[in-house]
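Participant: Given next are the chains, with one letter for each unit.
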Amino acid sequence: MQNLSNEVWVFIEHRNGKAADVSLELLCKGRKLAEQLRGPLKAIVIGEDVQAIAADTFKYGATEVLLIQHKELKNYRTLPYSRILNNLISEHSPRIVLFGATVIGRDLAPRVASNTKSGLTADCTELRIDTITYLGKECKDILLQIRPAFGGNIIATIITPDNPVQMATVREGVMELTPLAKPNEIKITEIPFLPDSTDALVEIIEQFHQENKVNLKAAPVIVAGGYGLGTKENFKLIHELAHVLGGEVAGSRAAVDAGFVPHERQVGQTGVTVRPKLYIAVGISGAIQHRAGMQEANKIIAINTDPDAPIFQIAHYGIVGDAAVIIPKFIDAYKHKLK
Amino acid sequence: MYNSIVLVKQVPDTANISGKVMKEDGTVNRSKLPAIFNHEDKVALELALQVKEKYGGKVTAITMGPPRASDILRECLYMGADEVFLISDRKFAGADTLATSYVLCEAVNQIGKYHFIFGGRQAIDGDTAQVGPQTADKLNIPQVTYAEQILDIKENKVTIKRKIDGGHEIVQATLPVLVTVIKEAAEVRPFSAKKVMAYKGAKSLTDLEKLTEGNSLLYTDTLIHEYKERNLFISTLTMDDLQLDVDRCGVKGSPTKVHKVESVVLAGGNQEKVEPTKAGIGELIDKLLEDHILG
Chain A
9 MQNLSNEVWV FIEHRNGKAA DVSLELLCKG RKLAEQLRGP LKAIVIGEDV
59 QAIAADTFKY GATEVLLIQH KELKNYRTLP YSRILNNLIS EHSPRIVLFG
109 ATVIGRDLAP RVASNTKSGL TADCTELRID TITYLGKECK DILLQIRPAF
159 GGNIIATIIT PDNPVQMATV REGVMELTPL AKPNEIKITE IPFLPDSTDA
209 LVEIIEQFHQ ENKVNLKAAP VIVAGGYGLG TKENFKLIHE LAHVLGGEVA
259 GSRAAVDAGF VPHERQVGQT GVTVRPKLYI AVGISGAIQH RAGMQEANKI
309 IAINTDPDAP IFQIAHYGIV GDAAVIIPKF IDAYKHKLK
Chain B
-17 MYNSIVLVKQ VPDTANISGK VMKEDGTVNR SKLPAIFNHE DKVALELALQ
33 VKEKYGGKVT AITMGPPRAS DILRECLYMG ADEVFLISDR KFAGADTLAT
83 SYVLCEAVNQ IGKYHFIFGG RQAIDGDTAQ VGPQTADKLN IPQVTYAEQI
133 LDIKENKVTI KRKIDGGHEI VQATLPVLVT VIKEAAEVRP FSAKKVMAYK
183 GAKSLTDLEK LTEGNSLLYT DTLIHEYKER NLFISTLTMD DLQLDVDRCG
233 VKGSPTKVHK VESVVLAGGN QEKVEPTKAG IGELIDKLLE DHILG
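One line per chain: the protein sequences are A and B, in this order.
So that you can map any letter, position 223 of the first sequence is 231 in our numbering, and since no number is skipped, the others follow by simple counting.
So that you can map any letter, position 286 of the second sequence is 268 in our numbering, and since no number is skipped, the others follow by simple counting.
Check each hint, because a few of them may be wrong.
Derived pair list, reagent style DSSO-like, types lysine-lysine, alpha-carbon separation capped at 27 Å [to be verified]:
#  : chain 1 : residue 1 : chain 2 : residue 2
1  : B       : K269      : A       : K347
2  : A       : K345      : B       : K255
3  : B       : K40       : B       : K177
4  : A       : K79       : B       : K139
5  : A       : K145      : A       : K225
6  : B       : K185      : B       : K95
7  : B       : K36       : B       : K176
8  : A       : K285      : B       : K260
9  : A       : K145      : A       : K125
10 : A       : K225      : A       : K240
11 : A       : K337      : B       : K255
12 : A       : K285      : A       : K347
13 : A       : K225      : B       : K269
14 : B       : K40       : B       : K139
15 : A       : K40       : B       : K242
16 : A       : K347      : B       : K260
17 : B       : K242      : A       : K148
18 : B       : K210      : B       : K95
Source of the hints: derived by calculation from the structure; they are not laboratory data.
Chain A on its own, in the form it takes in the complex:
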């Protein structure tokens, strides 16, 4: 294969004048990958008046920013943004390109990967560079893209050995945010943007922003309910327990899909990743995508009527029984102990 590049790129999303947490987390991970490849870590910043965001990336490990500014780029739109990335990637062939697995990331990354014919692995829970053998061929310093798959309790390690550009998306909170003690020297390369008639194919008429009232990432205690609770009514138990313990309410994807709890409270691979001191999983079977979002909690208590539910395998404490009976006992006992 031709000489492979050693560049690691991270697409920087921004909201309200600040880089998104997930993008900064990816820079932190990116710099470790770049070290292993002995190459630069470049942040791609696209927008209008985003110099400050570009400057911020050096605190998290960027060694260079590719900055593209234009009033047409003020808000994210698929066609102009993907066109910019398609061109940059065609020109520079970075070895690795990382995106946050956000609404924007899931809109942009696949479109770009289709154009560059790169493989793209979504929602990676781990990224590692290693030298492996695939079908008898050695793949040196290849990116291992690791994620749970097929809802079947499988951890898949995906690789893209035949393509020079490897792409992956990662959810917020999966990688840790570790700013540098001393920010890197600022090096910003401005790249001109040429508008195209196709940019007008989708226009933004209006935007509505709502404050995210829920901050699961910061909660020390989380009480999460699953599909096993059966009804939205029964979810009241979760709310009660969370309230008494001073924690936040969360839910598994199945509970969100069933309407028991809103999406912003979903914990799991396609929801939020949390690391609370205490995670109480009630009526949650423990599918691997859920576990991916909470398995690093300090202490895990599982409450379920099914003694074979996979959740019990990662719980520190397991209670087999009906939540409707156990939670009131828990609340009583707790209130009693506090007296």
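Starting from the structure of chain A, add chain B where the hints point.
Facilitator: Coordinates of chain B only, in the frame set by chain A:
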């Protein structure tokens, strides 16, 4: 009048994993998971049907999958799709999203003029949300993802409300456009009893071949003719029908390769069993208070 092509997928029911589908070695028995119509794709079909009801036009549902995916095509007919296609070929097996989008793009081009391509945002097995945008890229049409509501369609423009990180936005797209929809976008209509009666006998080529197996008096060609006459033949498009480049299909056309698959064996961790009694729970809370997990 606006014509829609809806991309649908049959998936294992990964949302309902209970102790029953766990094997003794701690891994999931995937063959025990029932196959279902990916819900967000049903919502996409529902939206296409609503567009048809309001503005007129044709709704075509297509799926790339193994022969039994014709099950969900029948369900599309029960819901009101005008026409369905099964895109199936052994050579499509093992396709990642890039190879899948290539096949779907070529199928769409063969099927004909469309104003909308609808699809669910993502399927519950791969959970990548990649096929929609990748198909749009290959078709060289704009995309609107995370669509929550179609507000208006006028001439060659559609106004859509979509979800964005931290809120919503309203966009206007020029047709043709590919739209991926989230489940909040619509309540899926129940099957029409009349249509179930009319189409439950619909069969694909593979279904008919099964009927003729071992029965030397029954010929597939005759059956195909009969089923077509009764409007019950589900057309299959193969690699040859679509004149595809074999190197871009299936495993060959998939840049993402699975290097390793590890079944997560849930061998008992350091789990402590707590009795669901007042005493048991009381002890647990004592421990949590001691460890300063609860305060």
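Participant: Is the hinted pair K40/B and K139/B satisfied, with a Cα-Cα distance of at most 27 Å?
Facilitator: At roughly 18 Å apart (the allowed maximum being 27 Å), K139/B and K40/B satisfy the hint.
Participant: Please work out if K337/A and K255/B have their alpha carbons no farther apart than 27 Å.
Facilitator: Holds - the C-alpha atoms of K255/B and K337/A are around 16 Å apart, at most 27 Å.
Participant: Given the hinted pair K269/B and K347/A, is their alpha-carbon gap at most 27 Å?
Facilitator: holds (16 Å)
Participant: Is the hinted pair K40/A and K242/B satisfied, with a Cα-Cα distance of at most 27 Å?
Facilitator: Distance of about 23 Å is within 27 Å: holds.
Participant: K225/A and K269/B: Cα distance at most 27 Å?
Facilitator: holds (24 Å)
Participant: Holds or violated: K347/A and K260/B, Cα atoms, limit 27 Å.
Facilitator: Holds, at roughly 17 Å.
Participant: Do the alpha carbons of K145/A and K225/A lie within 27 Å of each other, as the hint requires?
Facilitator: It is violated: about 42 Å lies between the C-alpha atoms, which goes past 27 Å.
Participant: Given the hinted pair K79/A and K139/B, is their alpha-carbon gap at most 27 Å?
Facilitator: holds (23 Å)
Participant: Quick one, are K225/A and K240/A close enough, alpha carbons at most 27 Å?
Facilitator: Status holds; Cα separation ~24 Å.
Participant: Does K36/B pair with K176/B here, judged by a C-alpha cut-off of 27 Å?
Facilitator: holds (21 Å)
Participant: Would the pair K40/B and K177/B pass a check requiring their Cα atoms to be no farther apart than 27 Å?
Facilitator: Distance of about 16 Å is within 27 Å: holds.
Participant: Is the hinted pair K285/A and K347/A satisfied, with a Cα-Cα distance of at most 27 Å?
Facilitator: Status holds; Cα separation ~22 Å.
The structure shown violates just one earlier hint, number 5.
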